[in-house]
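Engineer: Between the sequences and the hints, there should be enough to build the whole structure, so can you do that?
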Amino acid sequence: MKLAPLIGIEVAAFVLIIIETYVFFNIVVPLGPIPHNLVEYTGYGLLKALLVVGLVAVWFLVMVELTRLYTRSQLSLSPRPAS
Amino acid sequence: MGLAEAGLLTLSFIVPFLVVILGAPPYLAWLTRAGRVVDDAHKRPPTKVPSPTGPILFVAALAGEVVAYFAFGSLVPVAIAGAATVAFVVGITDDLFVLGGKTKPLLLLLAAAPIVLLVRFESSLYNPVLTFPLLGDTAPHLIIYTLLAIVAFPIVANAFNMMDSFNGQISWFTVLVSLALVFGISLHAAYTSGFSLSRLAVALPLVAVALGFLLFNRYPSRAFDGDSGSLMFGAMFAGLTITGGVEVAAMIAIVPAILNSFYTLSSVRGFVERRKMGARPTYLGDDGKLYATKDESAPTTLIRLILLGGAQDEKGLVRSVVILVAVSCLLSAVISVLTWAF
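One line per chain: the protein sequences are R and V, in this order. All residue numbers for the first sequence refer to the working numbering, where the first residue is 1 and numbers rise by one. All residue numbers for the second sequence refer to the working numbering, where the first residue is 1 and numbers rise by one.
Misleading hints may appear alongside valid ones.
[As the list claims (entries may be wrong)] With a Cα cut of at most 27 angstroms, we get these calculated DSSO-like pairs of lysine-lysine:
1) V:43 with V:315
2) R:2 with V:289
3) V:289 with V:43
4) R:2 with V:315
5) V:315 with V:289
6) V:294 with R:2
7) V:294 with V:315
8) V:289 with V:102
9) V:102 with V:315
10) R:2 with V:43
11) V:43 with V:294
[Claimed, not checked] Here are some, though not all, of the chain V residues that point toward chain R, as calculated from beta-carbon distances under 7 angstroms:
12) 132
13) 135
14) 255
15) 308
16) 309
17) 310
18) 320
19) 322
20) 323
21) 327
22) 328
Derived by calculation from the structure, the hints in this document are not laboratory data. For every residue, glycine included, the Cβ atom is placed at its ideal position computed from N, Cα and C.
Structural biologist: See below:
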């Protein structure tokens, strides 16, 4: 089926969201001791925000790489038609 | 759910559906008489199709939200109607005068205003938490959630707009993802005490309008919605996601559209009006089939990715899109079940 690789990318996007959700709840949220002063509190807040941005970036990077892989494999398979 | 509530829910579906079914034929005839027709560029030779149908879709959606307002008396339909109005005005302006690639997303930020302003009068309008499958709720963060909600409107509305290229594509897409949304909101309502059925009533007009429009927009199209229709669909979807508290399931449902707009934006490096793109991602062959452009510098779109697997006619291509969207909607349904039923 021609759509199978694209469905695979969709499912990968879905699975990655589930895994990253687990990472978010079990690693990012409970990260570090409960801070008692403003500097520590802000520091942990920023660290958590950076980690969330990192998780989103990982998701997009994986999607882009999977798509690039698919595009290149299809372009190398197909003959160059006269346009 | 009592019989009266079921009746009111049915009414909030039937009214907008009938407005599209009964209102579109005379409106399309008027558009044709007024010369407001555009080329259906994927036909050989190109046919003329009336556009934009957005105004009649907007009237229908508004009628559905008015029914939901009088049936359930909440401000949620007012907020959704407000978001739809802003997106419709931006869209119809673009249909008539063509807005710049950066102007449209900036103006669409205003679509969040009704929800953000009305939450001051009805604090339960949205709950500033994200609910994840199996893991539960995040802590409430009103400011962060509200900022994300504001940004969501242009992103989602543009994602819908970019799914509007072929006969029946936007209507099939909206029908499927709004059904996934309604499924998520239904489960949310069924398993959460105090979650009003009004959230479901405001979502039904979107399904009804998209379903009615599908009858005119399916291959071969007798009507195009224009940006006024697709941006309104997107803004309503974003608003319903926020008021329905089904953010994760909704995001999964529109993954094909999110990936499509992300690929396009990253490959053309920024917001570029589609009429001004350099290399086209696809082209129409002499045999009437659509082909993916082999030029590696061409923008990567979902359609180009599908066509890289082999040339297709327009009907087959839209069928492929529908299959991909249906898969994402099934995954969204799984998320909804895992979120609310466990």
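Engineer: Hints first: check each against the structure and report whether it holds.
Structural biologist: Hints versus structure:
1. V:43 with V:315: Distance of about 11 angstroms is within 27 angstroms: holds.
2. R:2 with V:289: holds, 16 angstroms
3. V:289 with V:43: Holds. Residue 289 of chain V to residue 43 of chain V sits at ~9 angstroms (cutoff 27 angstroms).
4. R:2 with V:315: This hinted pair holds, its Cα atoms lying about 16 angstroms apart.
5. V:315 with V:289: holds, 10 angstroms
6. V:294 with R:2: holds, 18 angstroms
7. V:294 with V:315: holds, 22 angstroms
8. V:289 with V:102: Distance ~32 angstroms between residue 289 of chain V and residue 102 of chain V Cα, so the pair is violated.
9. V:102 with V:315: violated, 32 angstroms
10. R:2 with V:43: holds, 24 angstroms
11. V:43 with V:294: Distance ~21 angstroms between residue 43 of chain V and residue 294 of chain V Cα, so the pair holds.
12. 132: Interface hint status for residue 132 of chain V: holds (5 angstroms vs cutoff 7 angstroms).
13. 135: Holds, because the Cβ-Cβ distance from residue 135 of chain V to chain R comes to roughly 5 angstroms (cut-off 7 angstroms).
14. 255: holds, 5 angstroms
15. 308: holds, 4 angstroms
16. 309: holds, 4 angstroms
17. 310: Interface hint status for residue 310 of chain V: holds (6 angstroms vs cutoff 7 angstroms).
18. 320: Nearest chain R Cβ about 6 angstroms off; hint holds.
19. 322: violated, 11 angstroms
20. 323: At 6 angstroms from the nearest chain R Cβ, residue 323 of chain V passes the 7 angstroms test, so the hint holds.
21. 327: This interface hint holds because 5 angstroms falls under the 7 angstroms limit.
22. 328: holds, 6 angstroms
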